[in-house]
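Residue numbers for the sequence shown follow the numbering used here, beginning at 1 and rising by one.
Calculated from the structure, these hints are not laboratory results. A portion of the hints provided could be inaccurate.
[What the hints assert, rightly or not] Computed cross-link-like contacts, DSS-like style, restricted to lysine-lysine with a CA-CA straight-line distance of at most 30 angstroms: (1) K181 with K124; (2) K205 with K247; (3) K59 with K28; (4) K59 with K90; (5) K210 with K172; (6) K90 with K124; (7) K76 with K27; (8) K247 with K90; (9) K162 with K242; (10) K264 with K242; (11) K160 with K181; (12) K76 with K162; (13) K205 with K264; (14) K172 with K124; (15) K210 with K242; (16) K59 with K27; (17) K90 with K181; (18) K162 with K172; (19) K162 with K181; (20) K160 with K264; (21) K24 with K59; (22) K28 with K172; (23) K247 with K172; (24) K90 with K21.
[Stated by the list, open to error] Cβ pair distances, simulated, as ranges: (25) S198 with Q256: 45 to 51 angstroms; (26) T45 with Q218: 40 to 46 angstroms; (27) G220 with L48: 50 to 56 angstroms; (28) K264 with K124: 21 to 27 angstroms; (29) R72 with G220: 16 to 22 angstroms; (30) G125 with K21: 32 to 38 angstroms; (31) L48 with E102: 34 to 40 angstroms; (32) N38 with S183: 51 to 57 angstroms; (33) R72 with K247: 27 to 33 angstroms; (34) G57 with S245: 45 to 51 angstroms; (35) S150 with K21: 39 to 45 angstroms; (36) G173 with S232: 43 to 49 angstroms; (37) N54 with T111: 22 to 28 angstroms.
Source: prediction; values computed, not measured. Glycine included, each C-beta is placed from N, C-alpha and C at the ideal position.
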Amino acid sequence: MRNTLFFFIVLFSSTLLVSAKISKAEKKALLEFYESTNGAEWVRTWDLEAPVSNWYGVKVENDHVTEINLFRNNLKGVLPSSIGQLVHLKVLNLAFNGLTGELPESIAQLTSLEVLKIEMNRFKGALPSSFGELSNLTELTAFNNFFSGSIPESMGQLIKLKTLNLSSNNLKGTIPVALGKLSELESLGLFENTLEGSIPQEFGKLVQLKELILANNQLGGEIPAEFSQLASLEILQIQNNKFNSLKNLETMNTRQFLVFDYDKGDLKLNFKELDFKKTRVAETMYDDDEQMPKKNNE
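Make the full structure from the sequences, and use the hints.
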């Protein structure tokens with residue numbers, strides 16, 4: 001009797017999942033997304049006659065689309081503004097594709113979004129100033145695109161962020177002081193842009209930070225003395241900039257580093273705690289599968 005009851009419960013639950021339907025607005029947004037990104041040519045395409053919950057990379061929960069994961073799936077074209085209709089999205093992973101054009105301002109409507117991965121595409125234009133409205137974001141990776149303009153000050157509102165990587169774009173201007181408010185941040189990558197000015201001293205408040213990659217920019221001034229407060233830091237790359245002085249690096253506990261790379265021309269520096277034989281240089285190259293920096297021996 002118990003086995004029979006269990007069978008009917010499982011059958012009923014399965015039927016509910018199969019029959020789950022999303023709203024017309026959400027399905028319309030998905031169809032426009034499919035058409036705008038050349039869905040017929042994707043590596044794994046959607047069967048538009050099948051239930052949305054069966055479409056590759058799409059997750060449906062409680063009759064709403066909560067995840068789109070189309071990593072390395074040959075998407076080409078632009079993101080339609082109707083993407084903003086998918087207001088229940090928690091994960092949007094479009095990394096390693098051939099998407100072009102600008103990010104639509106409507107992306108700011110995705111206020112439930114926790115993960116946004118758009119790296120290794122061909123996006124261009126400015127990062128939307130409305131990014132700050134994505135208050136639930138914990139991960140934002142947009143490296144290796146063609147974004148230009150400055151880093152929006154509004155990013156300082158993303159207080160749940162743990163990972164922010166805007167490396168290898170065409171970003172310019174100064175680093176917003178507001179990024180110092182991201183107290184949960186563990187990884188910050190701004191490598192290979194044309195950022196200038198000083199590193200904000202407010203970065204000393206980022207006590208959870210484990211990885212800070214600022215190499216290959218036009219940054220100047222002094223290294224903030226507040227860097228000595230970054231006790232969790234394991235990877236620090238600041239080489240190929242225009243700093244006036246690296247003297248404040250001496251105040252850091254360099255035994256904490258796995259990777260420590262800076263311009264070593266200042267012979268007056270005295271790192272008493274650092275054994276360079278134990279450090280490694282992290283090249284800002286990304287493994288296609290793990291999407292993490294490769295770390296090779298110096």
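Against the structure, the hints come out as follows:
1. The suggested pairing of K181 with K124 holds, with an alpha-carbon distance near 27 angstroms, which does not exceed 30 angstroms.
2. In summary, the hint linking K205 to K247 is supported, as the alpha carbons are separated by about 20 angstroms, within the 30 angstroms threshold.
3. Simply put, K59 and K28 have alpha-carbon atoms about 16 angstroms apart, close enough for the 30 angstroms limit, and the pair holds.
4. A distance of roughly 10 angstroms separates the Cα atoms of K59 and K90; the hinted pair therefore holds under the 30 angstroms criterion.
5. With a CA separation close to 24 angstroms, the supplied pair K210 and K172 stays within the 30 angstroms bound.
6. Of the supplied pair hints, the one linking K90 and K124 holds, its CA atoms being roughly 24 angstroms apart against a limit of 30 angstroms.
7. Only pairs whose Cα atoms come within 30 angstroms are accepted, and K76 paired with K27 is accepted, the gap being roughly 20 angstroms.
8. The hinted pair formed by K247 and K90 fails the criterion: a straight-line CA distance of about 43 angstroms is larger than 30 angstroms.
9. With a CA separation close to 28 angstroms, the supplied pair K162 and K242 stays within the 30 angstroms bound.
10. Between K264 and K242 the CA atoms are separated by roughly 12 angstroms; this keeps the pair inside 30 angstroms, and the hint holds.
11. Between K160 and K181 the CA atoms are separated by roughly 10 angstroms; this keeps the pair inside 30 angstroms, and the hint holds.
12. Between the alpha carbons of K76 and K162 the distance comes to roughly 29 angstroms, so the proposed pair stays at or under 30 angstroms and holds.
13. With a CA separation close to 26 angstroms, the supplied pair K205 and K264 stays within the 30 angstroms bound.
14. For the hint linking K172 to K124, the alpha-carbon distance of about 14 angstroms falls within 30 angstroms, and the restraint holds.
15. A hinted pair counts as satisfied when its Cα atoms are at most 30 angstroms apart, and K210 with K242 qualifies at roughly 23 angstroms.
16. Note on K59 and K27: the hinted pairing holds, with a Cα-Cα distance of about 13 angstroms set against a maximum of 30 angstroms.
17. Note on K90 and K181: the hinted pairing holds, with a Cα-Cα distance of about 23 angstroms set against a maximum of 30 angstroms.
18. Using a Cα cut-off of 30 angstroms, the hinted pair K162 and K172 holds, with the two alpha carbons roughly 23 angstroms apart.
19. With a CA separation close to 12 angstroms, the supplied pair K162 and K181 stays within the 30 angstroms bound.
20. Straight-line distance between C-alpha atoms of K160 and K264 comes to about 35 angstroms, which puts the hinted pair past the 30 angstroms bound.
21. For the hint linking K24 to K59, the alpha-carbon distance of about 16 angstroms falls within 30 angstroms, and the restraint holds.
22. For the proposed pair K28 and K172, the alpha carbon gap of about 37 angstroms is over 30 angstroms, so the pair is violated.
23. Between K247 and K172, the direct Cα distance comes to roughly 26 angstroms. Compliance with the 30 angstroms bound is thereby established for this hinted pair.
24. The straight-line distance between the Cα atoms of K90 and K21 is roughly 18 angstroms, inside the 30 angstroms bound, and the hint therefore holds.
25. Evaluation of the 45 to 51 angstroms hint for S198 and Q256 yields a failure: the beta carbon distance comes to about 23 angstroms.
26. A C-beta distance of roughly 43 angstroms is found between T45 and Q218, which places it inside the suggested range of 40 to 46 angstroms.
27. Range check, G220 to L48: about 54 angstroms between beta-carbon atoms, so the 50 to 56 angstroms window is met.
28. For K264 and K124, the hinted distance range of 21 to 27 angstroms is not satisfied, since their beta carbons lie about 36 angstroms from each other.
29. For R72 paired with G220, a C-beta distance near 38 angstroms fails the hint of 16 to 22 angstroms.
30. Between G125 and K21 the CB atoms are about 36 angstroms apart, so this pair conforms to the stated range of 32 to 38 angstroms.
31. The supplied range of 34 to 40 angstroms is broken by L48 and E102, whose beta-carbon atoms lie about 27 angstroms from each other.
32. A hinted range of 51 to 57 angstroms for the beta carbons of N38 and S183 is inconsistent with their spacing of about 41 angstroms.
33. For R72 paired with K247, a C-beta distance near 44 angstroms fails the hint of 27 to 33 angstroms.
34. Separated by about 49 angstroms at the C-beta atoms, G57 and S245 satisfy the suggested range of 45 to 51 angstroms.
35. A hinted range of 39 to 45 angstroms for the beta carbons of S150 and K21 is consistent with their spacing of about 43 angstroms.
36. Our hint of 43 to 49 angstroms for G173 and S232 is violated, since their Cβ atoms are close to 27 angstroms apart.
37. In this structure, N54 and T111 meet the distance hint of 22 to 28 angstroms, their C-beta atoms being roughly 27 angstroms apart.
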